[in-house]
Amino acid sequence: MTFLTLFVVIPVVMLLALWLARNDSQVRGVMVVGSTALLALAIYLVLAFVNARETMPAEQYPFLFGTAIPWFEPLNIYYRTGVDGISVVMLLLSSIIVFTGTFASWQQHPMQKEYFLWFTLLSVGVYGFFISVDLFTMFMFYEVALIPMYLLIGVWGTGPKEYSAMKLTLMLMGGSALLIIGILGIYFFNGQFSGQYTMSVVEIAQLHAIPAFIQKIFFPFIFIGFGILGALFPFHTWSPDGHASAPTAVSMLHAGVLMKLGGYGCFRVAMYLLPEAAQQLSWVFLILTTISVVYGALSACVQTDLKYINAYSSVSHCGMVLFALVMMTQTACTGAILQMLSHGLMTALFFAVIGMIYHRAGTRDVRKLGGLMKVMPFLAVGYVIAGLANLGLPGFSGFVAEMNIFVGAFEVNDTFHRACTIIACTSIVITAVYILRVVGKICYQKVADESFFKLTDATWDERVAVGGLILCVAGLGLAPLWAQNIINDAVAPMIHHIMGTGAVAGM
Amino acid sequence: MEYSYSFLILLLPFLSFLVLGLLGMKMKKPVAGLIGTAVLGVLWCMSLYTAYNYFFAEGRGADGLFPTVTVFNFTWMKFTELLTFNIGFRLTPISVMMLIVITTVSFMVHIYSFGYMAERDENYKKEEYEPGFQRFYAYLSLFTMSMLGLVVATNIFQMYLFWELVGVCSYLLIGFYYPKHAAVHASKKAFIVTRFADLFFLIGILFYSYYVGTFNYDLTADPSLVMKLPGAAYFLPMSLFLMFIGGAGKSAMFPLHIWLPDAMEGPTPVSALIHAATMVVAGVYQVAALMPIWVAYAPNTLHYIAYIAAFTAFYAAAVACCQSDIKRGLAFSTISQIAYMLTALGVVTAMEGEGSVGYMASLFHLFTHAMFKALLFLCSGAIIVIIGSNFKEYMGGLHKYMPITNICFLIGTIAISGFWPLAGFFSKDEIVDACFHFSPYLGYFMTLVSGMTAFYMFRLYYVIFWGDSYYEQDPDHRRKPAEVPFIMWGPLVFLSVISIFAGWIPFGHFVSLDGHVEEIALQHFHFGTTAWMSLAVATIGFALATYMYAPKHNPLPNKLATAMPKLHKAALNRFYIDDAWQFFTHKIVFGCFSIPIAWFDRHVIDGMFNFSAWATQEGGQAIRPWQSGDVRQYAVWFLTGSVALTLILLCI
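If you're matching them up, the sequences are chains H and F in order. One point on numbering: in UniProt numbering, the residue at position 325 of the first sequence is 325, and numbering is uninterrupted. One point on numbering: in UniProt numbering, the residue at position 550 of the second sequence is 550, and numbering is uninterrupted.
What the hints contain is simulated information worked out from the structure, not anything from laboratory work. Careful, some of the hints might be misleading.
Unchecked claim - Straight-line alpha carbon distances no greater than 27 Å define the calculated BS3-like cross-link-like pairs of lysine-lysine that follow:
hint : chain 1 : residue 1 : chain 2 : residue 2
1    : H       : K374      : F       : K28
2    : H       : K446      : F       : K480
3    : F       : K125      : H       : K454
4    : H       : K441      : H       : K368
5    : F       : K180      : F       : K126
6    : F       : K26       : F       : K125
7    : F       : K180      : H       : K374
8    : F       : K125      : F       : K28
9    : F       : K480      : F       : K587
10   : F       : K569      : F       : K559
11   : H       : K454      : H       : K441
12   : H       : K441      : F       : K180
13   : H       : K368      : F       : K180
14   : F       : K126      : F       : K480
15   : H       : K113      : H       : K216
16   : H       : K374      : H       : K454
17   : F       : K126      : H       : K374
18   : F       : K400      : F       : K126
19   : H       : K446      : H       : K374
20   : F       : K125      : F       : K587
21   : F       : K552      : F       : K569
22   : F       : K569      : H       : K446
23   : F       : K78       : H       : K441
24   : F       : K587      : H       : K368
25   : H       : K374      : F       : K26
26   : F       : K569      : F       : K587
27   : H       : K446      : F       : K28
28   : F       : K480      : F       : K400
29   : F       : K28       : F       : K180
30   : F       : K125      : F       : K400
31   : H       : K368      : H       : K161
32   : H       : K454      : F       : K400
33   : F       : K400      : F       : K552
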């Protein structure tokens, strides 16, 4: 058992400690210690990973720090862990979001203890998902991550929270129903054609036994199943309602990390395990994702609720992730993972700031806000920076990710892919339109309401959350090469495998 | 390494931005300003030293050309093994020239802003620096860094990166007075219009890199090999033109010029720096940097630039003739002058000889124009500080009260109008000359536009400094104008001196397309017919403006306006181009796409899921009575079922 398990153990210990905690300050203490430990662990993981890669190249050792403990022998279900470059950056992202999310919900009331319990349980699911390489274990952690969301939105949310929570959970559960079919299909048909029944992602990829016509049956199940979580058009409608009703840190965690499970799963399970189907069916999903990208951006232009704007913007940006994945070139897929990382950070920042503004001004309606730069300069600057990062300004992470995606997408030289790429490119203009419209309206101009003059700027805990995220967004934007190298290292063999252009990755 | 200090040219302003941006609010305002200005002073010295080193100390290489020095060039992102995104620092004759232009104007603007960005009492005494003074200097530093990064770019993608950054600096500075609705609107418009153009730039870069396999300016590849790629003969010129559209957005070419006049909502020093001297010529610089590739791969497409630019030059000059906001007048003049530069680039037909003159002429004009247009804008800033308004109605007769500004503005006006021996004469006549070589029609057309230039510039000069004085009409109730303090007129005088003498710089010795020495005949008093002709046309423009606007109470301009009401109104409304764009964005993009899509999403797509949820629930409700708990009913069902099954079995 390697230290990867700590990613699950620490939150579980936190759960126990939270359960025992007697008052708010103890609850906060547990959260700060725990999330700091997770962040430290993630940073250690990155360093250890980079170090280990020097002696163990990705071609021979696709997953490092592996463990395999039998869990349910008859079905070959193992507790199997291991990380490659993609999961490493995703774990880092999750830790950053959990850390800043803790500070963003510092003043979350009522029932802070229960809130943090569910919050931590959600993170158990997320961490578990990213460290596992066993289909069933992955699925189980995925489910663990979904349930707390229902309660977090339903209890601590705002607006029509019960409706939104129900809708979100049902749609995502619908996704997991598709997933379990797909996973069982992969398991049994792989077993049937290779004679070796296994749930291990690596082994299934290595065996590569499922014939193309069967792959084509199960590919849509898995791609759409994960795609629902990744806000794939037309299965994205849980996102605007869900985000709008969720409390601040839950929006952050949901958009920042949970939606990434979708893109990650599409790549790791759907495309990696069913490569022929991915090649043959990619055109369908290319159309859907291109629509997602432009459709989300255009919808965001006319929304009036800050969270809706951001939710539609997420549809557009997460659409970009899936768009890049189905382009199936190495550069584009690296871009997709970078976009997941970047979108996670940016959107978390956005939701954090929006939540804080809402907490003070009591409204998220663009038409009622204005002149925030005068009354809460720190938050307004945070919002402007989040906006500029979102529209892909160089120096922030969005630019890095988008350029990788566009350059990668352009490597595919046929008219259909070109046309889709150019259509997707137009989103950079539409994004500028809706971001600047909102920034101009709420941050600048005259203070919209007399009562706003009494509002205060961010408190220290909010500054930690916002400042930390800005630092990460700028850090990735200024020095992208390290992240790109870590990711590329994992993407390259996977793309070779999917496109059938290289040696199949071995254990 | 000879230029090893040069990383500081990018690093220092960036650090100054970070310090002023993060700690600025804790500093005293003058301290923040001094930090920014001191950094710029250092940069200016470094640039001059670099130029001296590059052009004189090192000089031409063994082949008689100025070498291209790549001081550093590191991999910033790696797309594939072959295709990398580098960031570096490259010295070529034009980038060194741009270093000087940017740092000189920026340094002057930094000094000048101490005077401009201040709140003054009735006697124009400074009371306090404006709120946001630190932020202003922080943005200026960021802008300077980005603009320098743009010109020293080693590849087209680095240029794009800094291109976006200068765009956002422009956005932030136009919207500097953010409580004003007009400023916010203008900043948004500027950013979105240029972003729209940048989309084409980006697609152009993507096509270019796909066909050429690199982002570099200089292709080492053999043209015949590149052209063998399927589709290259079509796509490569297209990609270059797409990149030019990006440049046309930044350089405000028709019909993407609409943001520049509105951008005048920003503080005037910003207009001088960004929207007159440096950022708006980025498009010119981009085409110039890619010129060898244009000539090699897309010589015919290149001429489209000339046609677009020539039309823009005429259009902007026509609109400039009847603006009553002096800054907008100058903005249209800027558009027209940049169009001159692009026309000159568009008429390049060969890498050497007669056909390549346009390249040198264009960059020469870029250099001189940066100086005298910055001068004119800073003068207008001085006037605005005193008058408190941009509109000509509040001015008039200022020559008595603001003698220094008057002289400086006059120098700028003469320079831009193209009278010997000031700077504009030499650079502009080189351009007109190049146009004549390309096509006599274009030459005559550009000569006509230079006549219009003289007319509208002298018109502006007269309505500000001569004619009816607004103050004298009611001296008791109106503030008496006065000269601005030294901190403001100092930079004016400095730039005036440059504007007077810049024309005598033997520019062709430093910058030319093939790298060899090119002589400017005019500097040796060899006046050709074109020179005489444009002098004559400029004189006519000058005389007309003098006749119409110099005397007090001349009714002629108003008469002309009422004689041609439609034309006048159209020119006043900038020929309705803004309205056309407004229609496009609001009615087409919002009306036909955004709103219907948002509706569709909420009602059709979401409705579908809500419907399925509703249907499930209703279905459940419908079959719920079956599970009634009523034993008799169950018995009936049981009996019916058994009978039915028995019958079925019997039948089979």
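(message) For each hint given before, does the structure comply? Return the numbers of the non-compliant ones in rising order.
(response) Hint check: 2, 3, 9, 15, 20, 22, 23, 32 fail, others pass.
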